[in-house]
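S.K.: Sequence:
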Amino acid sequence: MKWAYPVAAVIALVLPAFLAPGQLTVFILLGLSAMAVVGLSLLMGYAGQVSLGQAAFTALGAYTSGLLSLHHTPPLLALAAAPVAAALAAVLVGVPVLRLRGHQLAFATLALQILLLSVLGGAEWAGGAVGLQGLPYLSVGGFELDQDLDYAYLVVAGVLLVSLIAHRLVRSRVGRGLRALATGEMAAEASGVPVGAYRLLVFAVSAAFAGLAGGIYSFFLGYLAPGSFPVLLSIEYVVMAVVGGLGSIAGALLGAALITVGVQLLTTLATQPGMPSYAPSVLSYAVYALLLIAVVLFVPKGIVPTLRRSS
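Each residue of the sequence shown is one higher than the one before, starting from 594 at the first, in the working numbering.
Simulated from the structure, these hints should not be mistaken for lab results.
Bear in mind the structure is a predicted one, so any value in this text is a computation, not a measurement.
Where a beta carbon is used, it is the ideal one built from N, C-alpha and C, also for glycine.
Warning: the hint list may mix true and false statements.
Here are the in silico distance ranges between beta carbons for each label pair [as the list claims (entries may be wrong)]:
#, residue 1, residue 2, range
1, 677, 722, 24 to 30 Å
2, 882, 711, 25 to 31 Å
3, 736, 820, 28 to 34 Å
4, 886, 677, 16 to 22 Å
5, 861, 603, 26 to 32 Å
6, 828, 667, 33 to 39 Å
7, 736, 694, 47 to 53 Å
My request is simple: use the sequences and hints to build the entire structure.
M.R.: This is how it looks when you write it as structure tokens:
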């Protein structure tokens, strides 16, 4: 297993050069989802917090980058501000929200996303329901990223960065405290683990990962609207994390890949001539349902943790 990450990194760096334009788009969206899911997997797997509002932080990152770039901020600086803004927002809302537990926390994070989308949809400074249009391409040192292949490599770099940070966090002293927290909250607190501080830290890190994904998304797409970040996107992130395996970086990446590719294949099938208009949405939901049922029945800990145990 120690060779898995280097091999996966090499494949991710080489693969975009062999993909067709449509496949590159799927690859980019897959990578963006993976960045958000890595943080969510840490939050749910170690801090034991179920969040149904992860896409809200993706939206915050995207709008931060979009608004700053439209106001003549250097694009690279605008991108760097995306994870920072998302993390700060997570700290502000996390202090009261993380006092909740179980389904109460899940519904609270869901309400936060709905509230954010409502604010963005009615705010003139955010473009309202129409959204932000004409966002510039990301430029680095005078080089403008105006091709899908450029963003594919940028997403690979983002996924590697997020995975490295998550790996370092899990292996650190904080990570040991988080593992104790995942085993039992009362026991961890009795052992001197600052439970509240660690939960807030993971919540902020998870939000920062999603914010970075949102920042890259804004420059890649060049257009933002509240409808780009529906509640279903947060549900999709949760399904990806659960399928791959909570608390596992490799599981988050695998879950994101399975769901993204599966939905794309069924969407292609559903848009064939003769298929009804509601087929794409129905088949998309079928992917989530079937994978969740299969995981719960056969690999309740997720695919990657189960494979590790069996090997």
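S.K.: Work down the list of hints and note, for each, if the structure agrees.
M.R.: Evaluated hints:
1. In this structure, residue 677 and residue 722 meet the distance hint of 24 to 30 Å, their C-beta atoms being roughly 27 Å apart.
2. Checking the proposed 25 to 31 Å range against residue 882 and residue 711 shows it holds: the Cβ atoms sit about 28 Å from each other.
3. Range check, residue 736 to residue 820: about 32 Å between beta-carbon atoms, so the 28 to 34 Å window is met.
4. Distance hint check: the CB atoms of residue 886 and residue 677 are about 39 Å apart, inconsistent with the given range 16 to 22 Å.
5. Checked against the hint of 26 to 32 Å, the C-beta distance between residue 861 and residue 603 comes to roughly 28 Å, which is consistent with it.
6. Taken as a hint, the range 33 to 39 Å holds for the pair residue 828 and residue 667, whose Cβ atoms sit roughly 35 Å apart.
7. Between residue 736 and residue 694, the C-beta spacing of about 48 Å keeps the proposed range 47 to 53 Å intact.
Figure legend: structure checked against the earlier numbered hints; the only hint not met is number 4.
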